[in-house]
Amino acid sequence: MNEALRRKAAIVGIGATEFSANSGRSEQRLAAEAVLAALEDAGLTPDDVDGIINSDFDATNQIDVINTVGLRNIGAYATIPHGGGSPCGTVAQAAMMVASGACRSVVAYRSLNERSGHRYGSSEAVPTFPWVYGLHAPYGLIVPAEWTAMHARRRMIEFGDTREQWAEIPVTFRANANRNPRAMMHKKALSRQDYLDAPILAEPLCRYDYCLETDGAVAYVVTAAERAGALRSVPVYIHTAVQSAAFPIWYQTNWYRDSLTTGSEMVALGEALWKKSGLRPGNIDVAQIYDHFAPLVLTSLEDLGFCRKGEAGAFVGEGRISSSGELPLNTAGGLLSEGYIHGWNLILEGVRQVRGTSTSQVKDVEFSLVTSCWGAPTSAVILSR
Amino acid sequence: MTQQMTALPRPLPQIDRDHEEWWAGLRRHELLAQECRRCTQRIFPPQSLCPYCHSPEHGWHRLAGGGKVYSWVTVRRPSHPWFADKVPYPVVLVEMDEGFRFIGSIDCAPEVLREGLRVEAGFEDINAEVTLLRFRVVRTPG
Ligand SMILES: [Zn+2]
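First to last, the protein sequences are chains H and V. The first sequence begins at 124 in my numbering and counts up by one. The second sequence begins at 709 in my numbering and counts up by one.
Read the hints as simulated data drawn from the structure, not as lab findings. All figures in this text were calculated on a predicted structure; none of them were measured in a lab. Glycine included, every Cβ here is placed at the ideal spot set by N, Cα and C. Certain hints may be false.
[Stated by the list, open to error] To be clear about the criterion: a stretch of chain H counts as covered by chain V if any three or more of its residues have a C-beta under 8 Å from a C-beta of chain V, and this derived list gives those stretches: (1) 181 to 188; (2) 251 to 258; (3) 264 to 275; (4) 323 to 330; (5) 368 to 379.
[To be verified] Negatives, chain V to chain H, calculated, CB over 12 Å: (6) Pro-719; (7) Asp-726; (8) Cys-761; (9) Ser-763; (10) Arg-770; (11) Gly-773; (12) Ala-836; (13) Arg-844; (14) Arg-847.
[Unchecked claim] To spell it out: a stretch of chain V is covered by chain H in this simulated footprint if at least three of its residues, at any positions, have a beta carbon under 8 Å from a beta carbon of chain H; those stretches are: (15) 778 to 792; (16) 795 to 808.
Modelling step: build the complete structure from the supplied sequences, incorporating the hints.
Next up, the structure:
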């Protein structure tokens, strides 16, 4: 979305199921529960909704949500692709749908039984892999952690990154999760020593570098800015939402282009974000950075311009990213410690920070940043009061 | 289900229309980069059209086989049953002297690996259709 759409739409409702290892319910039911919760939060009814959005990885068809929630007035729908790169792109899409006048209120959802059902971190029970995957799966790089370890190693080679530096990410996010009763890791402490002692799974990564596997669903509701003020909730304006792909780009396995430690789509995303928002990294009060793997949080911070290339290992030290630091990150615990709703739960926490309802609330939040997956066509949104 | 899982064979590539010539190169023990006949740009991985001039006509540039380890992963917990008795195993990303990178296995222990280690392309015939890359560490004489 361009400058003309700045603050033309607002997130007016958020909803989520519990995050667990076994929901005991279908993904379709979880999606409906999250959508109903988001509508309740906004003070809207199913009849108010005329647009619906989801992500390409979602097994819950929009038809299932229409039929369970009873959405009788859907006149526009979209599915945003690229898995973990899609979440903030759905916000951009929703903003365009309401700001253009095509829709009055749009609901977006993500639902998955990622722990009790199909686990993204397990190998596909298939004998052959399609092109690109076929270039690495036969050698034993099968799941995202094994792909990402190649990028993480390269950070060590180029920048001298250490596991002591990487520990700052999971340990800080876990402390945030420990304050968040919704978080899967709410009651589990994580110390630096726990991290350093953890068995290495795909060297140089250990289990605490990996995001969680979660059953659950989240949803949010977007409406045009001029309607938002009349609703029940405190409106959270979509200041700017952007998407970016790059050329060339490879399905999270970007080993064939110039750099393994710079994501050209994330760099382009940052450039678009700052240009279209009229803001700079220093304007951001709190950020939810997509944390499927801890070292990629560092690469995202560099690519977005929060620090210079190669310096994020030092940047995240000295408490800078803690909830009372200069740039608090992933204040609900993130995908590493709150839950893995494929990046969508980060949007909800970005909204809470603007509302003032986070369990690790940052003071006087004016601009709250949320980003999506590094290494795929990706997206970001700046939310504001 | 568990029995099926443990019986899974080694994961193999699907060899599709746009990439069969590249895989045919590996079967001949040749490591190839795609070369556009019109604009002479070389690319890897191959594409169905040249992304620079959109010509569908391409040939293949055979790489000499020498390169250096650019990055590597040592898998210590297997994610696929076929690899369960192979851990820990290293997988390397090699930058060839001509500038293209390839994933492959390598004939050394993980402890030997370091950035810049000289290697050469080797080939492991799996079946009639598939040959995979298996790099060899270049042993310096003496
Ligand atoms: Zn060409």
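12 Å Cβ clearance of V/Cys-761 from chain H: holds (15 Å)
Assertion that V/Arg-847 lies farther than 12 Å from chain H (Cβ): holds (22 Å)
Cβ contact check, 8 Å cutoff: the stretch 251 to 258 of chain H against chain V, three residues minimum: holds (count 8)
Given as non-interface: V/Pro-719, which should sit over 12 Å from chain H by C-beta: violated (5 Å)
Given coverage of the stretch 181 to 188 of chain H by chain V, checked by CB-CB distance under 8 Å (3 or more): It is violated, with 0 qualifying residues against the three required.
Whether chain V covers the stretch 368 to 379 of chain H (at least 3 residues having a Cβ closer than 8 Å to its Cβ atoms): Contact hint for the stretch 368 to 379 of chain H vs chain V: holds, 5 residues under 8 Å.
V/Arg-770 non-interfacial with respect to chain H [C-beta, more than 12 Å]: holds (18 Å)
Given as non-interface: V/Arg-844, partner chain H, CB spacing beyond 12 Å: holds (15 Å)
Separation of V/Ser-763 from chain H, once the least beta-carbon distance is taken, above 12 Å: holds (17 Å)
Annotated coverage of the stretch 778 to 792 of chain V by chain H, confirmed only when three residues or more have a Cβ within 8 Å: holds (count 13)
Nearest-CB test (12 Å) between chain H and V/Ala-836: holds (14 Å)
Outcome, coverage hint (the stretch 264 to 275 of chain H, chain V; C-beta under 8 Å; three residues): holds (count 8)
The structure does not agree with the numbered hints 1, 6 and 7 stated previously, though it agrees with the rest.
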